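4 protein chains.
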Amino acid sequence: MIKAGIVGGTGYTGVELLRLLARHPDVELAAITSRGDAGSAVADMFPSLRGAVGLNFSDPKEAPLGDCDVVFFATPNGIAMQQAGELLKAGVRVIDLAADFRIKDIALWEKWYGMTHASPELVAEAVYGLPEVNREAIRKARLVANPGCYPTATQLGFLPLVEAGCVDLGRLIADAKSGVSGAGRKAEIGILFSEASDNFKAYGVPGHRHLPEIRQGLAQFAGKAASEIGLTFVPHLTPMIRGIHSTLYARITHEEDFQALFERRFANEPFVDVLPPKSHPDTRSVRAANTCRIALHRPQGGDTLVVLSVIDNLVKGAAGQAVQNMNLMFGLDECSGLLQVPVLP
Amino acid sequence: MIKAGIVGGTGYTGVELLRLLARHPDVELAAITSRGDAGSAVADMFPSLRGAVGLNFSDPKEAPLGDCDVVFFATPNGIAMQQAGELLKAGVRVIDLAADFRIKDIALWEKWYGMTHASPELVAEAVYGLPEVNREAIRKARLVANPGCYPTATQLGFLPLVEAGCVDLGRLIADAKSGVSGAGRKAEIGILFSEASDNFKAYGVPGHRHLPEIRQGLAQFAGKAASEIGLTFVPHLTPMIRGIHSTLYARITHEEDFQALFERRFANEPFVDVLPPKSHPDTRSVRAANTCRIALHRPQGGDTLVVLSVIDNLVKGAAGQAVQNMNLMFGLDECSGLLQVPVLP
Amino acid sequence: MIKAGIVGGTGYTGVELLRLLARHPDVELAAITSRGDAGSAVADMFPSLRGAVGLNFSDPKEAPLGDCDVVFFATPNGIAMQQAGELLKAGVRVIDLAADFRIKDIALWEKWYGMTHASPELVAEAVYGLPEVNREAIRKARLVANPGCYPTATQLGFLPLVEAGCVDLGRLIADAKSGVSGAGRKAEIGILFSEASDNFKAYGVPGHRHLPEIRQGLAQFAGKAASEIGLTFVPHLTPMIRGIHSTLYARITHEEDFQALFERRFANEPFVDVLPPKSHPDTRSVRAANTCRIALHRPQGGDTLVVLSVIDNLVKGAAGQAVQNMNLMFGLDECSGLLQVPVLP
Amino acid sequence: MIKAGIVGGTGYTGVELLRLLARHPDVELAAITSRGDAGSAVADMFPSLRGAVGLNFSDPKEAPLGDCDVVFFATPNGIAMQQAGELLKAGVRVIDLAADFRIKDIALWEKWYGMTHASPELVAEAVYGLPEVNREAIRKARLVANPGCYPTATQLGFLPLVEAGCVDLGRLIADAKSGVSGAGRKAEIGILFSEASDNFKAYGVPGHRHLPEIRQGLAQFAGKAASEIGLTFVPHLTPMIRGIHSTLYARITHEEDFQALFERRFANEPFVDVLPPKSHPDTRSVRAANTCRIALHRPQGGDTLVVLSVIDNLVKGAAGQAVQNMNLMFGLDECSGLLQVPVLP
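Protein chains in written order, with the working numbering: chain A, 704 to 1048; chain B, 704 to 1048; chain C, 704 to 1048; chain D, 704 to 1048.
Derived by calculation from the structure, the hints in this document are not laboratory data. If you're wondering where the values come from, they're calculated on a predicted model, not measured in any experiment. Ideal placement from N, C-alpha and C gives every residue a C-beta, glycine not left out. There may be inaccurate statements among the hints.
25 angstroms max Cα-Cα, derived DSS-like pairs, lysine-lysine [to be verified]:
id, chain 1, residue 1, chain 2, residue 2
1, C, 843, B, 981
2, A, 814, D, 981
3, B, 889, C, 981
4, B, 981, C, 889
5, A, 981, D, 843
6, C, 843, C, 764
7, D, 706, D, 889
8, B, 889, D, 706
9, A, 889, C, 889
10, D, 764, D, 706
11, A, 792, A, 764
12, A, 889, D, 981
13, A, 981, D, 889
14, C, 889, B, 814
Simulated restraints on C-beta separations [what the hints assert, rightly or not]:
id, chain 1, residue 1, chain 2, residue 2, range
15, D, 1003, A, 770, 43 to 49 angstroms
16, C, 769, B, 909, 55 to 61 angstroms
17, C, 981, B, 955, 30 to 36 angstroms
18, C, 762, A, 873, 50 to 56 angstroms
Build the full structure now, drawing on both the sequences and the hints.
Set out below in structure tokens:
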């Protein structure tokens, strides 16, 4: 049994990790930390976990994290970069669900995240945890940077096209829509029920932190510099709890059988499902599951491809992908603990 | 492996049965019938099942239901009563998720359901599938009448009080609220998104079919005639997909430590969770799980008890309870295939 | 033109007052205060008011409230009791949408609201602003205590029965459901979209502040002491923005033609609509309008009456009723500015 | 007073027309037809109209439509083209809220709508009712083709750019999101609450009927042939009742002060509101009102413009715009009956 610890277990990615790990056949939950709630039962905060998780929150300073095999950081940005180093030295593997180790260009990261990076040397070591691209590196990694939710849906949707070099990389568009849980479990007016319900809006159009992350990924797929990727990324807030729908637009530069290209690229991927032609995936078709479903369109036979890519932001976009990465890092079946059927309706 | 068939797999209880059975370690899905959709893949109608259910819908007349060990009827009322007899003769056990075998008084059933009963003799044999009350009988049953969703939440909430004889049976009130999936997957104006969303209403106040079912159960618990049970039952439609919240009111006639009474009664029940005093269970704390959570209040120390009882109408209120019954009927671990952690948020 | 001021214009009752007053033919908006947002345009915070409200928020200390004819307090509890006296001295009439002047029994108020009352003498003067009961007193009032949302729906639903003395006052039950806007525009975890959506729960069952307010009203209708009113009040949070649905239960002690009783009682009330027998009002049928719709049931002809009463908590339950009270206080047509047709769907 | 009739008053555009016309100071409702519901009170079907609309539905054949000054068709496509001619002959002006007269190219219309057009000569006469473009023609029109909801939001968002000739017309993208009421009040599985709630999906990506309508409009603005407009249009279904959010992408070909361009173009438009730079309009900011709010972005100073355009699909996207057109046709104040403040929250 792998002993797992979670730092910051009171947010939505934390409780989702708990949901998945509580039933993972190869994992034993060893510690969950929360500064504010130390001593209280996890299941008191999240009654859905009554009977499934018996742990109490422990104080970050006293939690036996050094005895764990793996520690997940489900913390705000800027925490893992301060604590990961010590854990790694103690032989603990680390998976950060925040953004601390996602961007290789330290200056770029510091610009978008507005802080000085506390451990740039770990950024160099960290592996970006998108198994469909970096599977072998993840298997050997000590430190994994779990991708963001928008970046997961968007990069997977663009991946075959960019790898195959058949679209104009200078003019990509990602019009993405997220459920409100993507904004986290924070007491903020803008994500109150009475604000976000029965309402739809774009946000962060001038610039969103997931933009450089997506651009870095696309550049890697293309084998080019990030500066060669022209990407317009517009996120929107949708009145649903879970789910991301990325609608991607790309201009074709080389003809291909695009449906076949996608099917081929993801043929052996356990968590990417390419739908038949003319499909429209809905976000609920992946609700509470670690699946990305993708459909491809070429409206009116023109030169613009439209890719529709959906995930559950808390699973394939966060906690589920983190467990998938853990499975790889410890040589387990990649699907272990991740075969939940989506909840529909 | 138990071979299971489903008659009527295109409604919400059908797809929920599929979700649960697809991952049940002891079950093999053998057939799913649908008159209108025979030949098409189940996963085409419900893309959430892609990769989990490979079956096609088959025509009810041609489906190998007689070769199954158990057949679930996830059909409208009035179907199972016509087909169950033949299956039972063939040695197949039957679990009806509709109402055909729930009410022992045939005349009463015919009045509320507006049809002539096709097999009254089977009604006598059928066991009402509420394991917390009828566990031993279910183990031996050939035919189980799976309880309705409101009746499950309401009967479990009243059960300890009625068994213990400490409340006025002549003046019970059940104010129940259901998510919209309880109305089924039917093309009806009243349950359109634009009608049911951002809206709340009572319905069926003059009389709802679950009233006689609940009354029959309470009478059994009390060891009295149904006519001695005075129950006012008011169902409401709530703008959520899943969930039932029954708010129950009873006048105390005998003093008791009511919290202890509830905890004792359900101490060994794997799927009933009595919350600590002063709790308010929310429906999402059981979302997609087979759990009933119950809390007890006595406002201002008066003589009125308030019981709050929540379930997921599609799981403990339908498909999950049906699987629980199947587990009992076949001598499996009662929890087999039913240990999903609720999905929150 | 009546010059109106609003203290505390950044909550939901504040913005709803603005929506109504901006188009009121007899009112000129003179000042809206907000400590935190002084100087910024109201329409910057609430873009729905662009083009309709040109005012800036002003600092409470500098706002020309003394020059107003009427000042509305759309503040948290405990503010109006400190400021109303001075305004009244200046000849300004005051309508408090919070709870400061609703409860006549000062000790009772202090117990439920957890503070010392700053101006008990004004409590004695204040008129409880339920026009269907206190219309003539409101016309002459300098200070009106605008009723709470639950109390409005619940008192109007019980009113004819209690006045007529035909139900058991010792065992009334009000099972009430509120949209989330009733909890206000506050940054709290529990009312986040991801917490309150697709979810239903009771809250405050041990005791809610609206209980003594409702009890005081019912006692007044009955001409009895509050201690003679036995009321169980259970509020629930419903995943919708606006709307209250009160489901009321009462045991009949004297027979009556109850439908006729209700129709007669409200025959001349412009904002109470008694529906035909067997109706089920939905909350959206009053969305954004100042109407209370009521239906009456007597299930199975028993001795329990069920009253269904719906309002929009922000209109008839708050801002709309405040405007109705203002109309009465200033001798305007009671319906002035309040004839919006409900928004459906 | 203008006598107005409505053909097909049982859908969402019908009930919205009733909401607006019931309080329009210059209009008298003369007749509302419905084949299936003739004889029953309009307010029985839509209790929100109790007290506001006293009419019964009348049979289309017997309704005194010929005595009206104006008749609105709130019918499915294909009805108005059969009945408008006779009404026009009788001197009645006609506003069609369906699509019968929107597309000037008859063959194109027949291809997209799958029927033979019954009165092509009226198509030539009909004026496309987008007042911001065709105001003078609308004033003189006998027959107005009220624009579709997506086309209204999308055309208004592109209008200044296309008129000014500063973007690449060959590669425009409209990623549009609609509330579910846009699908109408029809008993269809796909728009049930339990299907559409907590869910998001694209639909009609291979081709949607609003595509040729939008393209025709853009071509007119540009003074070009429709074939010169390259438009990718992707509609999505969003879990909210009302609202359209069009996110528009265009490549800049000529530099301009785009913010100033938009402000100038709409300076005198009573129902188009250009927001300050860096704004993100939300759909609720126009809920239940006849306003289109638009914001403009140029992310990272690149060559792609992003326009965000929101309307209420039932108001500016249907019934409200129809009333605006009626006001113009009859020489009334263009804003008459349309000054409702949006309902927020």
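A quick look at each hint next to the structure:
1. C/843 / B/981: violated, 44 angstroms
2. A/814 / D/981: Between residue 814 of chain A and residue 981 of chain D the Cα gap is close to 20 angstroms, so the pair holds against 25 angstroms.
3. B/889 / C/981: At roughly 24 angstroms apart (the allowed maximum being 25 angstroms), residue 981 of chain C and residue 889 of chain B satisfy the hint.
4. B/981 / C/889: holds, 24 angstroms
5. A/981 / D/843: At roughly 44 angstroms apart (the allowed maximum being 25 angstroms), residue 843 of chain D and residue 981 of chain A break the hint.
6. C/843 / C/764: Judged against 25 angstroms, a Cα distance of about 28 angstroms means the pair is violated.
7. D/706 / D/889: violated, 29 angstroms
8. B/889 / D/706: violated, 40 angstroms
9. A/889 / C/889: Judged against 25 angstroms, a Cα distance of about 12 angstroms means the pair holds.
10. D/764 / D/706: holds, 18 angstroms
11. A/792 / A/764: Roughly 17 angstroms separates the two Cα atoms, so the pair holds.
12. A/889 / D/981: The given pair, whose Cα atoms are some 24 angstroms apart, holds under the 25 angstroms limit.
13. A/981 / D/889: holds, 24 angstroms
14. C/889 / B/814: violated, 51 angstroms
15. D/1003 / A/770: 43 to 49 angstroms: The hinted range 43 to 49 angstroms holds for residue 1003 of chain D and residue 770 of chain A, with Cβ atoms some 46 angstroms apart.
16. C/769 / B/909: 55 to 61 angstroms: Because 56 angstroms falls inside the window, the suggested range holds.
17. C/981 / B/955: 30 to 36 angstroms: Hint holds: Cβ distance 33 angstroms, inside 30 to 36 angstroms.
18. C/762 / A/873: 50 to 56 angstroms: holds, 51 angstroms
Checked against the numbered hints given earlier, the structure breaks hints 1, 5, 6, 7, 8, 14 and satisfies all the rest.
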